[in-house]
Amino acid sequence: MSEKKRENCTVVSQECIAAGIYSLWIQTEKIAADAKPGQFVSMYTKDKTKLLPRPISICEIDKEQGRLHLVYRVTGENTGTEEFSRLQPGDTLPVIGPLGNGFPVEKAEGKRVFLMGGGIGVPPILELAKEMNCAEKQIVVGYRDCHTFLREEFEAAGTLYISTEDGSVGTKGNVMDAIREKKLQADMIYACGPTPMLRAIKQYAEENNIECYISLEERMACGIGACLACVCKSREKDAHSNVNNKRICKDGPVFLSTEVEI
Amino acid sequence: MSEKKRENCTVVSQECIAAGIYSLWIQTEKIAADAKPGQFVSMYTKDKTKLLPRPISICEIDKEQGRLHLVYRVTGENTGTEEFSRLQPGDTLPVIGPLGNGFPVEKAEGKRVFLMGGGIGVPPILELAKEMNCAEKQIVVGYRDCHTFLREEFEAAGTLYISTEDGSVGTKGNVMDAIREKKLQADMIYACGPTPMLRAIKQYAEENNIECYISLEERMACGIGACLACVCKSREKDAHSNVNNKRICKDGPVFLSTEVEI
Amino acid sequence: MNMSVNIAGVEWKNPVTVASGTFGSGEEFSEYVDLNKLGAVTTKGVANVPWAGNPTPRVAEVYGGMMNAIGLQNPGIDLFCKRDIPFLKKYDTKIIVNVCGHAPEEYLAVVERLAEEPIDMMEINISCPNVNAGFLAFGQDARHVEELTAQIKKIAKQPVIMKLTPNVTDITEIAKGAEAGGADAVSLINTLTGMKIDINRKTFALANKTGGVSGPIVKPVAVRMVYQVAQAVKIPIIGMGGISCAEDAIEFILAGASAVSVGTANFHNPAVTMEVIDGIEAYMKKNGFESVKDMVGIVK
Amino acid sequence: MNMSVNIAGVEWKNPVTVASGTFGSGEEFSEYVDLNKLGAVTTKGVANVPWAGNPTPRVAEVYGGMMNAIGLQNPGIDLFCKRDIPFLKKYDTKIIVNVCGHAPEEYLAVVERLAEEPIDMMEINISCPNVNAGFLAFGQDARHVEELTAQIKKIAKQPVIMKLTPNVTDITEIAKGAEAGGADAVSLINTLTGMKIDINRKTFALANKTGGVSGPIVKPVAVRMVYQVAQAVKIPIIGMGGISCAEDAIEFILAGASAVSVGTANFHNPAVTMEVIDGIEAYMKKNGFESVKDMVGIVK
Ligand SMILES: Cc1cc2nc3c(=O)[nH]c(=O)nc-3n(C[C@H](O)[C@H](O)[C@H](O)COP(=O)(O)OP(=O)(O)OC[C@H]3O[C@@H](n4cnc5c(N)ncnc54)[C@H](O)[C@@H]3O)c2cc1C
Ligand SMILES: Cc1cc2nc3c(=O)[nH]c(=O)nc-3n(C[C@H](O)[C@H](O)[C@H](O)COP(=O)(O)OP(=O)(O)OC[C@H]3O[C@@H](n4cnc5c(N)ncnc54)[C@H](O)[C@@H]3O)c2cc1C
Ligand SMILES: Cc1cc2nc3c(=O)[nH]c(=O)nc-3n(C[C@H](O)[C@H](O)[C@H](O)COP(=O)(O)O)c2cc1C
Ligand SMILES: Cc1cc2nc3c(=O)[nH]c(=O)nc-3n(C[C@H](O)[C@H](O)[C@H](O)COP(=O)(O)O)c2cc1C
Ligand code: FES
Ligand code: FES
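Protein chains in written order, with numbering that gives the first Met the number 0: chain A, 0 to 261; chain B, 0 to 261; chain C, 0 to 299; chain D, 0 to 299.
In short, the hints are calculated from the structure, not lab data. Among the hints, a few may not be true.
Cross-link-like lysine-lysine pairs, in silico, PhoX-like; alpha carbons within 20 Å at most [as the list claims (entries may be wrong)]:
(1) K4/A - K201/C
(2) K47/A - K62/A
(3) K49/A - K45/B
(4) K292/D - K3/B
(5) K45/A - K47/B
(6) K49/B - K47/A
(7) K292/D - K233/D
Please read all numbers here as calculations on a predicted model, not as lab measurements.
All chains should be built: construct the whole structure from the sequences, respecting the hints.
Take a look at the structure:
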């Protein structure tokens, strides 16, 4: 009972790793110990006029040192993420987590797998790739242009394929184009990224009868399943809501692609 | 036209000079050049939920270096003044000023004068004392207890008499008690402090037919005479308001004691 | 020192509950909050049948608060009675069930269904501005409020709290309607109707266009309304709207609220209710109040 | 690019004016702002005779905004015409005189007196919540608003803007009343009625107990009302309530305001109007808008 809390985490390090993309390591009391790939944390600003949490996916988990790696994009001026980008080592940051269900990493065993990430959906794929034990680990990540990030980490974790919208690195186009170009095959897909990308992957998976897990996004208020802000349409009547709605923060963010409509 | 502006002043130094009392020097572009004793500035917080100005009297003016000395009390937790108290040299602070009319220092010439300050009304008396040219400069300041401040500065500027409520320094009681105890005499009074003190001084001055200037306080919104928040009752129908109201921020904060009702 | 309050015959151990819709049915928050410490748990609104709610985005952040247009998504009274009430019964706290509906019959169906359930009070939401039905203006008309209250009171087995909307010309008229209809208490305020436009995307921030504004920014309006209602009716008031700390809660109590609800602040800090309760106790100690009821409405 | 707007036949050089009561009659602010750059100056409310206003404290800070109960202190129309209009005439901007009164006769006396004055528009404040008179509810009743508007229109020589209070159940009813009475434009919102209690001193923060809430915290309600009124009437809308930057102003324009007023923000930064004007221009450039009127009400 009441064993979770909003932790005041300490910033270990922060770095800008690409235009507008920040890499943040924080020290947690308990969150890292419980965290799984595909889960997220809620970060809170110190600006007293910004009260809602910023959900950010977990990029890497260092269980030994009790640290989390978070990679996020600054979305604009006067935003919460801009405030986060000014955090210095030693500063504190209120965080709740780990939240959500995470990717079912164990299901990959013995399978040929696509780990697909697009844009700011790339980071959560990293911890997943690191923890995954499978027959063929094909990491397919898409960026807008040559400002790629986390490349070395991905190269260390599996076979890396890159797509860029402008063609400056790897396949020109998106992650689906990369798969087609390289004629890659899989029995299992894990994906995180913008909705159009997930929609294409979901369709591809269903057409090819591939088990596929996708991580969704929606505006949140509580982040813990209580307010019903962050729902998506589910194919079946959901056991919790008793209607065709699933909570992305609690029942997700990761869903079996056939469960949800996007 | 539009030659005044909200200046982003730089903090030169800040020091806690008594329990909860802070001494702040700021570098100004233009405010110090125009400032007179008894005028005030409006200080703005960086907390986006606190929008109104904090009026703070000018304690000392360094025209040569373009600096202002402000001495203020932190009024409680989560207040604007608490935020100010955390300012470090090099930090910036939005300020408007100088505001208000100030003390008519020239009227003291050749006179025996009381310069009276009570509590956080003590600081503005300092610049007044320094600029005043008069026959007898009797500075009478009242504090709550032994936590006095600006004493050395006052000693350098005139003859200093102190009262404390608990009797730990000087006369036990208030500034009026000090005058009575020391049997001091004056032809002219300048005073700043809490309303009960000003009320007593006003009565004393009127009974003894002494010209007396008092500096008043009220809640402000604009600080520049436009909103009519900060009025006090005036004896005569005021030329600006056309009713018996004077604006403390613009027509004051210093008034001839017989002009106003307090 | 006595932290307990008696609201329409129900004894809460302290004057703090949560605002409906911001706490689910307590389960999700029970990981962060010891529900036994709350004066009461107020549940998310429940209707006679499941409601799917509005399309997303359902929430938007605004300066110092938020807007929501959840649209009263709820699993319906049957699942609610089977799952949520038994969950809450495990805790030593009072249970207030928030009830919503599109029409009197729908409210009455829920109230009737609740009669045999082990709940302590019910709160009737006649004010949710997010449901696009002709019924919307219901909570904005004193006569309608009186009528619905009377109908509900006829069949309710638990004390009835009528929850008022602030989107009215004169809140005291509505409160008097509830009292005249026999309400045991009123709670206020529900959300203020607002709108946010995304000037870059040139569209509404919420799919529903308008939404209910809540959080610290609504507090001055909420305190005013609680004060006005306290002068107008004799039944107890549960005050809410922007309470984020003990000082806020005390402001409502001094204005005339017998108890308070914490809403949006739970999203910023899930354990905030615990701090509010402790802070009220500390204030009472410091200011020499023996009992919460000695503070209620003393600023007049 | 065309920044000018035409409000009821009066051409402003840009869509930005100041909210009545936050800018005096412009004189004090003229040290900080080049009045020639404003679309219009809206003056503090003026009555047929001088008003003394409320006791102090008249203002209080609240989270993200303020409350005021100035009580419409003003020097009366005679001194106003002698001093304030000639002052404003020195500038190349439009003059909008805000008019207040306790009763129709008092409004009419001012409007009549203004007929021969060189002002451009008048704004009728039927909404100030701070005057303790039976007349208070006037701006809260559509029929009364229609009647007063019609009476004023009969004698007014300048376009008449009716300024609406947000403290009503349905703002569109009031706006329609103004339109039916012949109003040339409406402006909204005036302040939301609020209250603040000082829990340490156990008293009201304002001598008047209640006050009008303004500043960023009222913006979501204000945008919603501007949007609703834009769907309900054909006359132009001057939008206000919490505008502190160009982005805020643009939100009102996209919602349906033909012009905007900056109020409380002037207290935080006296030159804020200049930033708002420049920011609107920058937005238009970036988003390819040729004219302000191409932005008005495009979010539907
Ligand atoms: C489960 C989940 C995981 C995410 N993981 C990451 C990540 O690893 N890295 C990353 O950069 N971004 C991630 N996002 C998106 C991230 O939450 C938003 O970019 C961020 O909240 C924007 O906040 P802001 O302060 O920059 O913007 P503001 O404009 O200040 O935000 C205003 C409000 O809108 C919300 N909001 C704005 N954009 C989004 C969005 N796209 N999704 C949800 N809420 C939003 C904010 O949380 C806040 O409440 C994730 C979103 C979700 C739902
Ligand atoms: C002309 C004038 C000169 C002053 N000079 C000094 C000075 O030299 N040193 C000093 O310590 N204090 C001075 N004061 C008082 C000082 O303005 C307040 O103590 C200060 O504004 C309190 O702000 P806060 O952030 O601590 O409190 P908060 O509680 O955060 O303030 C909330 C709001 O109330 C206003 N407010 C609170 N108390 C007062 C008050 N006593 N007078 C006016 N407004 C108030 C604040 O300005 C703010 O708008 C002066 C006041 C006036 C009117
Ligand atoms: C996300 C959300 C959902 C809400 N759902 C309900 C509801 O189902 N029934 C209800 O009566 N009020 C509902 N409300 C209103 C709150 O109970 C409360 O009246 C309002 O938010 C003001 O309090 P606050 O400012 O503390 O949040 C909801 C509010 C929010 C923010
Ligand atoms: C100090 C003050 C005085 C005001 N006086 C008047 C007035 O005389 N007449 C009027 O119509 N509105 C008056 N108002 C209301 C404003 O014009 C405006 O409608 C309101 O403040 C909302 O805008 P804002 O949030 O930008 O301040 C006053 C507001 C303030 C803060
Ligand atoms: S954000 Fe509240 S339920 Fe998901
Ligand atoms: S504070 Fe506005 S007139 Fe003095």
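Outcome of the hint check:
no., hint, verdict
1, K4/A - K201/C, "violated, 38 Å"
2, K47/A - K62/A, "violated, 32 Å"
3, K49/A - K45/B, "holds, 14 Å"
4, K292/D - K3/B, "violated, 33 Å"
5, K45/A - K47/B, "holds, 11 Å"
6, K49/B - K47/A, "holds, 10 Å"
7, K292/D - K233/D, "holds, 14 Å"
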